[in-house]
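Read top to bottom, the protein sequences are chains A and B.
To convert, note that position 156 of the first sequence is 155 in numbering that gives the first Met the number 0; the numbers rise steadily by one, no gaps.
To convert, note that position 288 of the second sequence is 287 in numbering that gives the first Met the number 0; the numbers rise steadily by one, no gaps.
Everything labelled a hint here was simulated from the structure, so no lab data went into it.
It is possible that part of the hints are untrue.
[As the list claims (entries may be wrong)] Here are the simulated lysine-lysine pairs, DSS-like style, with alpha carbons at most 27 Å apart:
(1) K148(A) <-> K267(B)
(2) K375(A) <-> K114(B)
(3) K410(A) <-> K333(A)
(4) K114(B) <-> K56(B)
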Amino acid sequence: MAAVASTAAAGRKSFLRRNAVWWLALAFVILLPQVAHSGTAIAVLNQMCIMVIFSLSYNMLLGQGGMLSFGHAVYFGLGGYFAMHLIQIASAAGFFMPLPLTPLAGGLAGLLFGLIFGSFSTNRAGTVFAMISLGIGELIAASSLIFVKFSGGEEGITGDRTDLTPLFGVNFGRDYQVYYVIAAWMILSAWLMYRFSRTPLGRMANAVRDNPERAEFVGYSQKRVRLLSFMAAGFFAGIAGGLFALNYEIVTEETVNLTTSGVVLLQAYIGGVGFFAGPIVGAVVYTLLQTLLSNYTEIWAFYVGLIFVATVMYAPTGLTGIIMMHQPIYRAGKLRSLALPYLQVGAPALCCAIGVIGLLELLHFVSVRAVGQSTKHLFWMTINVGQPTPWIVFALLTVGGFLVARRQAPKLTAAWDAATAQLHARGER
Amino acid sequence: MLELTVFSLLNGLVYGLLLFMLSAGLTLIFSMMGVLNFAHASLYMLGAYFAYSISTKVGFWPGLVVAPVLVGLVGALIERYGLRNVHRYGHVAELIFTFGIAFLIDEFVQLVWGKQTMDYHGPGILNFPLFALWGIDFPAYKAFMLAISIGIFIALLVVLTRTRVGLIIQAAISHPNQVAMLGHNVPLVFTGVFGFGSALAGLAGVIAGPELGTFPGMAAVLGSIVFVVIVVGGLGSLWGAFLASLLIGMLQTFAVAVDYSLGDLFAKIGIPLSKTSALSDLYTATVAQIGPILPYLLLVLILIFRPTGLLGKREV
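Generate the whole structure from the sequences, applying the supplied hints.
This is how it looks when you write it as structure tokens:
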């Protein structure tokens, strides 16, 4: 008896400890509004949490299943439409529908359409899958403008979440009240998706991604494994869409179209598709760039595009990959040896970035300025764009910074090799 | 009915051949490098904007030559300094890279030229009706578009099948290693083909800009359609791209003219359907309304039932 009780206690303890990260995350999102409680901050947080779920669901396809989708917004948007219809019907008919459960309608819609579209698109991965997903994406986006009864056409469909029966006296009229619903769904979905990636099915999805033929020889149908991952991804995208409907109280064609599908690819890739946490980092960074950077510059999307292309070219493991690369060096206490080389490359690279930003901002200003306008505020300076000096300075910064950074790069490589060489020698990675 | 058919045929031909100019470059690039270039339609848009800027300074005709060359250079640079580096990460990474470039070009266009539609129009010398049938004018500019597209098609055919460069390109498509063994610079051929394909897209933009409008969304309008064309035609097949271009061109122009819906068809055979049910959109939408989704329906069907496309030899 005592032995049983003690193993049970140990099991409980290890359950708590095993999930420590999740408890911390839960505490973090609950306490976050205490720090960031302004209206804007809550709005940003809501969007961020929705995007975290959406990006994580996308990575079930790209990162874990090796399926590059250009139409993942289909499940997000359809989830939004169905959740919104549920809100409309429930508030019109007056039956009891707890608001926190409405995203489930979106999730189920995502699951259903994942089954329908997945049944013929998951036969193979790679380019075929990418093209079919693109075709379905365009199909649904165009259809959502045609079938007006369902989608409301260009205006989209709207609803009022406070029309639902209040739950324990809360009518969810305020943004922060919805925040807790969204945050709870985010933690729950993220945890479920993480658990999914640890199930035999999740592991087989990795196997099918890496070598479909061998997975078949082990006795798994690559199509079925892909289809199941695809449906799960559709489900969570639908949940995210349902939360979107709940938060913004409007669902339009924009939620299903190719731009949204592109954004989720951008987020997941910038964050790093090779890691579970990658899309979370990507969604957080993207939302911050989108909401904060757009206060300062109209061409923020161009900068995001630059970051994306740079990621694809130079850091295909994404931001998370870059951070994780430093982990073994940090553990060996060698991080300090990299500080100087980083500074030597980073400083000129920063100069180059300032030059590029300056040139782009001036170029943009010249093309969109009103007649007679000739001064622009940039980097806390007032710049007269009619004179050649600022252009020349920014051009010099760009070219000079690039050349110096390239010259210094071998030092960084050497320092990196030196730091990792000892690890390799000790047999660690 | 006859006039409708004739004009739909003519417009479909103009539109289809324009699609061919885009898809020819795309399918050539694909067959050489195995890369579906997402940025192809963005390069088409870049061509229109370049030509617009040139036309405001020196007129339409210099832009017709200079803009495609500039776009070709941009394409060659993308291949040489971008795509070639990404190649080692595999095809999916290449696809994502070209997607990023497309995103970047679209944003760049808005950065430089703004969001509004440009006042880009064809040369005044072509601003007259070429002929009129049943009281409907056929503009000379459309005939000019037709002439350019046909000229490009013939030139492409001659270059690829009758010249030494064309032979090397064809050989490099099927046997790149052997061509390299024979002393040809295959990477240079790749860059050249990518640049040439981009220039073709640019030229398409130059001549389509005045007709279809020069605005930041013009790449999105044609981008996915061009993919449909090359997949339906069969990846890597020039003749397939030609056939599919005309097919899609006709499909889209004829769909606009057909004002019947599924409901009308059912009513005709004696099954009247309710006009008020929640699903009534499905059968009250006319063919003209669902025209925009037809190509994508075709794409999905082709990919399911005939992944090689109409004339292609290899699967996507």
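Taking the hints in turn, this is what the structure says about them:
At most 27 Å may separate the alpha-carbon atoms for a hinted pair to count; K148(A) and K267(B) meet this at roughly 24 Å. Of the pairs offered as hints, the one joining K375(A) and K114(B) holds, with about 20 Å between alpha carbons and a cut-off of 27 Å not exceeded. This hinted pair checks out: K410(A) and K333(A) have alpha carbons roughly 16 Å apart, not beyond 27 Å. Between K114(B) and K56(B), the direct Cα distance comes to roughly 21 Å. Compliance with the 27 Å bound is thereby established for this hinted pair.
The structure fails none of the hints (numbered hints given earlier).
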